[in-house]
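**Student:** For reference, the chains in residue letters:
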Amino acid sequence: MDFWDYAIIAVRVILAFAIPLVAVIFLVWGERKINADMTNRIGPDRAGPWGILQTVADGLKLFFKEQVTPRKVEFIMYAAAPVIALVPAFMTFLIIPWGQGFTFEIGGKVREFAFVGADLNVGVLFFLAMSSVAVYAVILAGWSSGSKYPLLGGVRGTAQAISYEAAMGLAIVAVVLFASTTSSEGGTLSLVELVERQRGTWDEVVALPGGLAWFENVLGLIPRWNILPQFIAFVIFMIAAVAETNRAPFDLVEAEQELVGGFHTEYSGFRFAMFFLAEYTNMFNMSAMAVVLFFGGWDGPTFERWLPGFFVTMLPLFWFLLKTAVVLFVYIWIRATWPRLRYDQLMTLGWKRLIPAALVWLIASTIVVSIRQFGWPWA
Amino acid sequence: MVELVLFVILGAVAIFGALSVVFAKNPVYGAMGLMMTLFSLAVFYVMHLAHLVAAVQIIVYAGAVMTLFLFVIMLIGVDRDEDTSEKLPMQRQLVAGLGLVVVLIAGVAVVGGRFDWVRPATSTIEVNGTVQEAGLALFTDWILPFEATSLLLIIAAAGAIALAYYGPRRRDREDA
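These protein sequence lines are chains A and B, in that order. Numbered by the working numbering, the letters in the first sequence go through residues 1 to 379 in order. Numbered by the working numbering, the letters in the second sequence go through residues 1001 to 1176 in order.
With the rest of the complex left out, here is chain A:
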C-alpha cells in the first residue's frame, strides 16, 4: 500500500458518494416530469432547459430556509434523525458495483481501478443491514418530534419495515441460492461476484437433452441474467423495495391526507432536505440493487471493435445507469398510477401474501438447485 493505492481507494469512495448524489438530482426532476406527464400536467419547466435545474433550485432554497424547531421536541434525537436517515442511504451504494474497472500503470506498478466502493464478502448481508438500519430515522423522527402525527407515522414505519424486510430477504436468498449453481466455486454473497456470474448467455449453463439441442441456439442469444429463472423473486423484491423505501402505494408513513407529512411533519429547512435526499437515494439504491441481482448489473453489449478504449471502459457504467433508470421509471410509474393501500391491506399483503409466496418460491428454487447440483433423486 503506497500513496497511489490510497489515492485509488479515495477516488473510488468519492465516486461511490457522487454517483447517487448526481443521480438523485436527475431522479427528483425526472419523477416530477414523468408524474406530470402521466397526470396530464406540464411539471417544472422554469429553471433551466425543461426545468432540469429545478432540484438544484429547490435544494438551495431549502438550504437557506429557516429551520423551525418546535418547542416540544427531544432535541438530540430530533437533530440526529435526519443524519441517521442519510448515512445508511449513502453507505448502501458503497458496495454496489457500477462497472467493470480497468488496470493502468502509475508509480511504477500496474494497479487495478475497480468500479465499486468496496467489494465486501458479505455484500448482500451488508445491504440488508443498511436497509434495516434506515428505519431508525423514521422511528426517531416520529418519536422525537413530540407531536401526534409524526408519532403515528413512526409507528407505522416500524411495522411496515419489519414486515417487508422478511419478504425481501427471502427473495434475495432465492437469487443467491440460484447463483451458487452457476459457478464451480459454489455460493457467494459478494455483489461483484454476483454480477460476474450473470455475464454470458444461457447456453453456457443449460444442458438440454438431445431432441432440444436446436433450442440452445436461441438460448445463446439471451443474456444470462437472473431475471429469467428468478422472475417471481424479482416481483417480490420489487414490491418489498417499494414498501421499504416508503413510496406510494406504501407511503403510509407519510400519508398526506391522514398524517399531514407523517414522520417529517415537524421538520423544515435543511433537516427536511436531508430526509428528502435520503428517500430518493434509497430509491436509487434499491433500483441499483434490483439491477445487480436480476439484470446483470453493468453487463451489456461491449462494442469493443467499434469504440475507442475510453468508451469501452465507460460503457458498463452507462449500461448500469440505463438499467437503473428503467427500474426507477417503474418506481415512478407505480407511484403515479396506484392508489395508497389501507393499513390492514398493507399488513395482509406483507404477511399473508408476500412472505408465503417468497417461502414457496424459495423451496421451489431449492428443489431446482439441488436437482441441478446432485441430479434426480432416483437417478
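Bear in mind the hints are in silico, worked out from the structure with no lab data behind them. Just to be clear, a hint being listed does not mean it is correct.
[To be verified] Okay, derived cross-link-like pairs now, PhoX-like style, lysine-lysine, Cα gap no bigger than 25 Å in a straight line:
id: 1; chain 1: A; residue 1: Lys72; chain 2: B; residue 2: Lys1025
id: 2; chain 1: A; residue 1: Lys72; chain 2: A; residue 2: Lys148
id: 3; chain 1: A; residue 1: Lys148; chain 2: B; residue 2: Lys1025
id: 4; chain 1: B; residue 1: Lys1025; chain 2: B; residue 2: Lys1087
Owing to the predicted nature of the structure, the values given are computational and were not obtained by experimental measurement.
Assemble the complex: chain A is given as a structure, and chain B must be docked to it using the hints.
**Tutor:** Below, chain B without anything else, positioned relative to chain A:
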C-alpha cells in the same frame, strides 16, 4: 495502528452506550445507547475478520430486535415516567457489597497470575472464506444443534402467538 485507534474510539463509544442504557432517564435514549454498543461491537467483529458475525449482528440485533424494542416502548407510552422507587430493603448497600466482592475476585485472579490475556492469533486467516466457512461448519459438524435451535425458535414463535391469540378472554375472537 489503525486498529488501535479504532479500538480506543469505538471502545469508548461502546462503554458510553452501555452506561447510557443503565443511566438514561428516557427508555428511548437507553435503546439508542444499546444500538451504539451493538454497532461498536459489529466494527470489532469486522476488525477480527468475522464479517458474517458483524453483518448478522446488525441485521438481527440492530435491525430486528432493537426496532421491536423501540416499537414496544412507543406503544406502551413514552411520556409516563418509570417507577424508580427501590423495593428491596438495603438494596444499594447489597449491590455495593456484591460489586466489591466481584472486583476483589477479579483482582485476586489478575494478581494471582492464573489469568492470561487473549493473545492475537498468529496464523493468517482466510478472509474470503468467512461466510463459506461458517456455513460449512453449521451444516456439517453442527447440523443437529442448528436444526434443534430452529425448531426451538419455531415452537417459541408459535407459543407466543397461541398465548396472545387464544387466551381465555379472547376465545370469541373471530376477526383478522
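**Student:** Would you mind confirming whether the straight-line C-alpha gap from Lys72 of chain A to Lys148 of chain A stays at or under 25 Å?
**Tutor:** holds, 11 Å
**Student:** Does the alpha-carbon distance linking Lys1025 of chain B and Lys1087 of chain B stay inside the 25 Å limit?
**Tutor:** holds, 19 Å
**Student:** Are Lys72 of chain A and Lys1025 of chain B close enough, with their CA atoms no more than 25 Å apart?
**Tutor:** holds, 17 Å
**Student:** Run the distance test for Lys148 of chain A versus Lys1025 of chain B: straight-line Cα separation, threshold 25 Å.
**Tutor:** Holds. Lys148 of chain A to Lys1025 of chain B sits at ~22 Å (cutoff 25 Å).
Every hint, counting from the list given before, is met by this structure.
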